[in-house]
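K.L.:
In full-length UniProt numbering, the protein residues as written are 1 to 206.
Because the hints were derived from the structure by calculation, they are not lab data. Note that the structure is predicted; figures quoted are calculated from it, not measured. Think of the CB as a built atom: it goes at the ideal place given N, C-alpha and C, for glycine as much as any other residue. Hints may contain errors.
When the alpha-carbon atoms are kept at most 16 Å apart in a straight line, the in silico EDC-like pairs for lysine to aspartate or glutamate are as follows [said to hold, decoys possible]:
1. K82 / E15
2. K126 / E137
3. K126 / E31
4. K55 / E143
5. K8 / E143
6. K60 / D152
7. K126 / E90
8. K73 / D127
9. K131 / E31
10. K126 / E64
11. K82 / D18
12. K108 / E7
13. K86 / E31
14. K82 / E31
15. K123 / D158
16. K55 / E137
17. K123 / E90
18. K123 / D134
19. K8 / E137
20. K86 / D18
21. K28 / E83
22. K68 / D127
23. K139 / D121
24. K108 / E141
25. K123 / D152
26. K97 / D121
27. K108 / E64
28. K55 / E141
29. K55 / D152
30. K140 / D121
Each pair of labels, with its calculated beta carbon distance range [what the hints assert, rightly or not]:
31. F120 / Q150: 17 to 27 Å
32. T45 / E7: 25 to 35 Å
33. H26 / K140: 29 to 39 Å
34. G148 / I85: 36 to 46 Å
35. H26 / A62: 17 to 27 Å
36. K136 / V77: 32 to 42 Å
37. A144 / K86: 16 to 26 Å
38. M56 / S84: 32 to 42 Å
39. K82 / S155: 22 to 32 Å
40. L135 / S69: 12 to 22 Å
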Amino acid sequence: MNDNIFEKMTNQLRETIDSSVALALHNKNQEVQIVHLIWALLTNTNSVLNQLLNKMNVNKAAIELEAKSNASKLPSVSSVTKESIKLSRELYESFQKAQGQMASNGDKFIAIDTWLISNFDNKVIKDILGKYIDLKEAKKELEAIRAGKQIDSQSGDDNLEALNKYGIDLNKKAIDGELDPVIGRDEQINRMMQILIRKTKNNPIL
1 MNDNIFEKMT NQLRETIDSS VALALHNKNQ EVQIVHLIWA LLTNTNSVLN
51 QLLNKMNVNK AAIELEAKSN ASKLPSVSSV TKESIKLSRE LYESFQKAQG
101 QMASNGDKFI AIDTWLISNF DNKVIKDILG KYIDLKEAKK ELEAIRAGKQ
151 IDSQSGDDNL EALNKYGIDL NKKAIDGELD PVIGRDEQIN RMMQILIRKT
201 KNNPIL
């Protein structure tokens, strides 16, 4: 493990780290801590963490207040700059842990969901998220969001975000009884198939 670990991160994770630095600077903290990363994820409405909380029907505002409260307890200084601020040892080690999980997943880059799952046992994350969600259930939900997809590019979790933002989970709809009934639609289905297989129709209209 070395500084090249940052080259193995997805764009989403790198951008979240940048946001974490901004929050630490705003808070006048000399180090960027795990709490800053969680806080940054909570402030991004499209982050995988917010997707997770939406799926689990959790009060996100309460968790964000929890993160801010934790951050407010960190030591602060009168002045800190982007050049002088550094990552805490604990945060860096959390990335190393996620890199190990990345390899186990068969991924080429560390995604945010991998970082979260790898560090659900971290005390700070337990204190902020564990009060509001079952972390074992959260792990299952994140794995469902991933749906077995491997992260093989730095934009790999951009695709996950798009799928969860715009895609339709047909399995969930079927389980929840939200799909239109198929029974009794044989005639419509047969007609659709006939239209699709007509070689003379270039643009079939269903």
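K.L.:
Looking at the structure, which of the earlier hints fail to hold?
P.N.:
3, 5, 6, 9, 15, 19, 24, 25, 27, 29 and 37
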